[in-house]
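Taken in order, these protein sequences are the chains called A and B. So for the first sequence, the numbering used here puts the first residue at 1; every next one is plus one. So for the second sequence, the numbering used here puts the first residue at 1001; every next one is plus one.
If you are wondering where the hints come from, they were derived from the structure by calculation, not from laboratory data. Each statement offered as a hint is correct.
Calculated Cβ distances over 10 Å to all of chain A for the following chain B residues:
1. K1018
2. E1135
3. V1140
Below, in silico cross-link-like pairs of lysine to aspartate or glutamate (EDC-like), each with a Cα-Cα straight-line distance of 20 Å or less:
4. A/K195 to B/E1313
5. B/K1324 to A/E313
6. A/K259 to A/E271
7. B/K1038 to A/D94
8. A/K161 to A/E333
9. A/K35 to B/D1005
10. A/K319 to B/E1331
11. B/K1195 to A/E313
12. A/K195 to B/E1333
13. B/K1018 to A/D3
14. A/K35 to B/D1094
15. A/K18 to B/D1003
16. A/K196 to B/E1333
17. A/K35 to B/D1003
18. B/K1196 to A/E333
19. B/K1018 to A/D14
20. B/K1324 to A/E331
21. A/K324 to B/E1331
22. B/K1319 to A/D14
23. B/K1035 to A/D94
24. B/K1324 to A/D14
25. A/K324 to B/E1313
26. A/K38 to B/D1003
27. B/K1319 to A/E331
28. B/K1035 to A/D3
29. A/K324 to B/E1333
30. A/K38 to B/D1005
31. A/K315 to B/E1304
32. B/K1038 to A/E60
33. A/K196 to B/E1313
34. B/K1324 to A/E333
35. A/K18 to B/D1014
36. A/K324 to B/E1160
37. B/K1038 to A/D5
38. B/K1324 to A/E160
39. A/K324 to B/D1014
40. A/K285 to B/E1304
Quick reminder that beta carbons are idealized off the backbone N, C-alpha and C, glycines included.
Protein chains: 2
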Amino acid sequence: MVDFDRFCMSLAIDEAWKYQGLTYPNPAVGAVVTKNGKILSIEAHKEAGEPHAEVLAIKEAYHRLSGDNEILKLSDSAEIHTYLQQNAKKFFYDATIYITLEPCNHYGKTPPCSTLIKNLKFKRVVISVKDPNIEASGGVDNLKKSGMLVEEGLMAKEGEKLIEPFKKWRGDGFVFFKLAQTLNGIIAPGIISSKKSREYVHKIRDKIELLVIGGNTIRTDRPTLDSRLVQGRAPDVLIYSKKKDFDKDIPIFSVKNRKVYIESSFERLKEYRYIMIEGGEGMLKATSKIVNWYLFFIAPKFKEGLGYSLNRELKILNKRNIGKDLVIWSENE
Amino acid sequence: MVDFDRFCMSLAIDEAWKYQGLTYPNPAVGAVVTKNGKILSIEAHKEAGEPHAEVLAIKEAYHRLSGDNEILKLSDSAEIHTYLQQNAKKFFYDATIYITLEPCNHYGKTPPCSTLIKNLKFKRVVISVKDPNIEASGGVDNLKKSGMLVEEGLMAKEGEKLIEPFKKWRGDGFVFFKLAQTLNGIIAPGIISSKKSREYVHKIRDKIELLVIGGNTIRTDRPTLDSRLVQGRAPDVLIYSKKKDFDKDIPIFSVKNRKVYIESSFERLKEYRYIMIEGGEGMLKATSKIVNWYLFFIAPKFKEGLGYSLNRELKILNKRNIGKDLVIWSENE
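Generate coordinates for the entire structure from the input sequences, incorporating the hints supplied.
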């Protein structure tokens, strides 16, 4: 038997995972709108400053129900809010919205989503987890007060996992290890991942505060470590190295608006909240106590070259394809 | 925008992939029933002799629409057919069925699915690919003659890929390479995969005609290579080895009702139609010209041990979790 509520929430969760790592400092959130059992939209929050998942899902559902192409011209969240409140009132009285996270209840960069949902008089609101951010929370109470049918806790385990990075970077910091490899575990030499995967890595580099990398990689690969494939900013870099001498002609040192530290400890990480580590066996071993999650880019090929060898139990959190590569988020077991 | 037809067909295709390798000699097939845009069921053919995907999907949809628990007592396909034709006529006149493969049109182990669909007067039948099996084909024509709305070719590329093993084992034979490894590409020593993955491998061993394995693996692991975890049959085995002397106390030689060949060529494969190869680097290299697909069981862990090294470009066909392992079907690029 297909459990329709679970099915819709799992679609929302999967959609949100597609932008995991890119929404900083916001959480990854997904939303699905249904009406009479029909799925009208599946959306996710894509990056800070862009509309929230609920807003995108309601926008898409409204367009689908009304055929009103005017709304497609709007991309600013406040404008979409206003337009929907003016035009969409009659469409959602028998609709359900599934959201992986409690809708926000404060005026941040956008008006509160809870107010939008309340004003559009949705029949039912199904939420996976409550917002741990006190400032934005209260959405559920706001909705319940209006007499709306609000259900919480559907797939709460999965919903919590989705916002774990968010909770960590609001706390001590979130640290993940990015590893590009072939199916047979080869990480070098040469370019391992597809163009699309590398673009995704650049999108992430555009968001992270600090990139940690080993000294040998700097000496061997002579990298730039910026976000040029997506015209993004370059994160600060910590080169983890006992030897402090580097050829300063290596491109990494000439990127503007970034700090480069060369240090033999990880103390520096305490100053940052969103951190990516790149490297191989040495860095995996050195950072074992520090890493929260792993992000694998697995190219579907066998290759002769350098592998990596250590013992560690992991757990897969999410998997999907980016281009022809397989992309996996995982954590320590 | 969610394309509902594509969405439903992709659900059917994904469901069918869950039983890829287990339906021999039948094709892997999935089916989804919807009514007024609601998804009522998502089913797949599980093994030969069991009901076809369409029958399971209609059974589940009927149960959901009617609340008639009697149908849950039926597992025999002919009985389900009869029961549905007697009781389900009024439920599907405005329903759509999505099927990854043209419904069968002949009396095989079960009555023809095309007749069932025709008699239940579905409004719309959406099919990914036509049946390459002349004997069973004609389902589309049968349905069209009855005035039903029949659409073919939705996600045909994915639909064709799904039945490629079926087409091959009806032709020269289908050969796939099974590889159990960790995320960092380690294949030995010790047990790599989870219990659930190993059970799935035993289910496959219960279906294949021939298992091909290297002589060194036999000498080192001293395996049984049967299907004891699922109480299945043991396939014939070809031990690929130049040295022909083996300790006959190795369990593989005492399994009843199986042939064991010890040969230094792959000529024997021509006598079989559904063949699995197990092994590591040596076997991967030796069988490069023979292998159609690869089946990876990737345990989410890093391990120190024996890897494998070669150059080959692959393409991922399907990925999913079995227990905590990641399971990937792929083919040569």
